[in-house]
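Student: Listed below are the residues making up each chain.
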Amino acid sequence: MAATREAPVLKSQQFRREREASWDELEALVEQARVHGVRSFTPEQAERFPMLYRSVLSSLSVARAIALDRALVAYLDNLALRAYLTFYAPPRDPLAAAGRFLQHGFPAAVRTLHRHVAIAFVALVIGVVTGFVLVNGSESWFSTLVPSDLAGGRGAASTAADLVRDELAAPVGPNVLDGIANVLFSHNTLVALLTFGLGMLAGVPAVLLTIYQGAILGAFFALHVHRGLGLAFAGWVGIHGVTEMAAFTLFAAAGLRLGEILVFPGETSRADAFALRSGPAAKVAVGAALMLALAAVLEGYFRAAVQSTDLRLTIATLSLVFWIVYFALAGRRWRA
Amino acid sequence: MSAAVETKADAALGRGARRARALVTPDGVPLRVEIADYAERAAAFAGDFVVTLVATELILFFAALISFGHANATYAAGVFVAFLVRNAYFVCFELLWSGATPLKRAMGLRVVDRNGGALTAGAIVARNLSREAETFFPLGMIVTAQSWLAAPWEILPVALWLVLTAALPLCNRDRLRAGDLIAGTLVIAVPKQLLLEDLVERRHTYTFTDAQLDRYGILELHVLEDVLRRPATYETDRVLDEIAEKVRRKIGWSGSTPRDTRTFLLDFYTAQRAFLELRKNFGDERADKHHAATANDR
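Each protein sequence line maps, in turn, to chains A and B. Okay, so the first sequence: first residue is 1 according to our numbering, each after it adds one. Okay, so the second sequence: first residue is 1 according to our numbering, each after it adds one.
FYI, nobody ran anything at the bench for these hints, they're computed from the structure. Glycine residues also receive a C-beta, built at the ideal position from the N, C-alpha and C atoms. Check each hint, because a few of them may be wrong.
Unchecked claim - Derived list of chain A stretches under chain B, where covered just means 3 residues or more per stretch with a C-beta under 8 Å from a C-beta of chain B:
1) 10-16
2) 58-69
3) 78-87
4) 269-281
5) 284-292
My request is simple: use the sequences and hints to build the entire structure.
Tutor: Okay, structure coming up:
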């Protein structure tokens, strides 16, 4: 019994002896990529890496099938995971990624959600018409519809002169950045985020909020039309409002999509349904956030800098045409 | 080796605090990943947040220096700069370091695509922007509560929103926050694992018969492997003695009581593994010591 003997070589043991060198090589490459980035690979290394990655995946499959060495399988699981994360790294060039997103990803996602966009748009129009009709009938509705911080002193008591002086012809403020920041972190952004966030809860609040947002706009319109300032107001609000309302509509559409996934997850679990189907909604929300930022720049600076109603209306019309053409056509050929 | 046995072995050893799940790579291989703990993520986020706060303060401070106090930074401008800084920070780092911010990297956490594909720039932007609505917006409202609060109860919906979004990761298996749901991402822990030496690489002293090796399954083999890999302390030796005693009784060891328990158990481990690997090769995978009973039940 005291004599020691050479143990018979196990299959898993032999397997490890044969492959261990290639694992070490991959290990070194993964570590190098982690510290210095994939770009530090020499051409030979860049050629070896995909081969070693596939080989570790196959090693893992074999190990799971034949080896009962827990440490070995755990190591291969871990090495394969780290190699996978290196191999499928996100694009290293944020600028190129942003360019692709604007050229293709964003408009394509909007087209994917065209039904949701249509519903949101209809909700917005219903809101505008409702607001207009109500305030057109009786201006006392204005204070009911428009929250006081948004009304900013405007209301049934305002005269045409008040509106022109304090609103339509207000000059550029002393601090441009402040103006833009104020707009960006105001009521409208809150509503946009809520439309999106509440959409995730069920979708119905997103529609209601969009209708309400439209109603506020309609109420303002009626107030100005009564004082003969309809066209001037259209220019004043349209210069940024076209972009802003488009962004609202898109936020609401994205929110509706999330609500749809939540209510109808289909055959998978809700979390998996989100992973599979929320892609376009996320893209639309990111793009809409960029549009809100653009609208904030237009509102915080250009609206006051451009005082002519004609020019304001021109910018509004051009932006409307631009968004329609962009969402309808951008990136279509790219996909083919 | 089935994941169920793995999990059972983890449980038997009092391990596996992190939840595991499979992530199927585009090559079709399921990889075992560990979901990052809530506490780890909260700590990483808090650290990153402090870094962005300090960066924002520095920028505002230098901006004030440059303007020689001509224009005092207003609150709105501060909020704006903070917004830009933190989003640039999170998005750029997660892009450049493939899904890790500095604090995530320090703690070994990574953001990955839930479907196993490549992490896209859009997903990174989406998961970070949505944090604005989840955390920063209600947080900002609470910080500035004095200026808009008309009645004390108005703080409640904001606080509720903050609590709900913060608690969401605890309410699902994959610890997803709202931004992860929207972007289809997952935060995992990637600890670095070393390749430990194979316990069977040695000469052996004791031999066992097939009948003796018939008693145990893979679960027991894994537990034994784990104990054998522990550092050789007095405590470990006592555990080994206990195990050796049990094994001898179970398999009906007829030889003399071995002097060196470790050698005896290492030999038993080798023989048992060789035996179970062979059985598995023949399509007879034995999950644990009850395999005979379950086989008879069928």
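Student: Does each hint fit the structure? Answer for all of them.
Tutor: Status of each hint after checking the structure:
Counting residues of the region 10-16 of chain A whose CB lies closer than 8 Å to any CB of chain B gives 5, which reaches the minimum of 3, so the coverage claim holds. For the region 58-69 of chain A, the stated coverage by chain B is satisfied: 7 residues place a CB nearer than 8 Å to a CB of that chain, which reaches the threshold of 3. Taking a C-beta to C-beta cut-off of 8 Å, the region 78-87 of chain A contributes 8 residues in contact with chain B, enough for the three needed, and the coverage statement holds. Only residues whose C-beta sits within less than 8 Å of a C-beta in chain B count toward coverage, and the region 269-281 of chain A has 8 of them, enough to reach three; the restraint holds.
Coverage of the region 284-292 of chain A by chain B holds in this model, with 3 residues showing a Cβ closer than 8 Å to a Cβ of that chain against a need of three.
Of the numbered hints stated above, none is contradicted by the structure.
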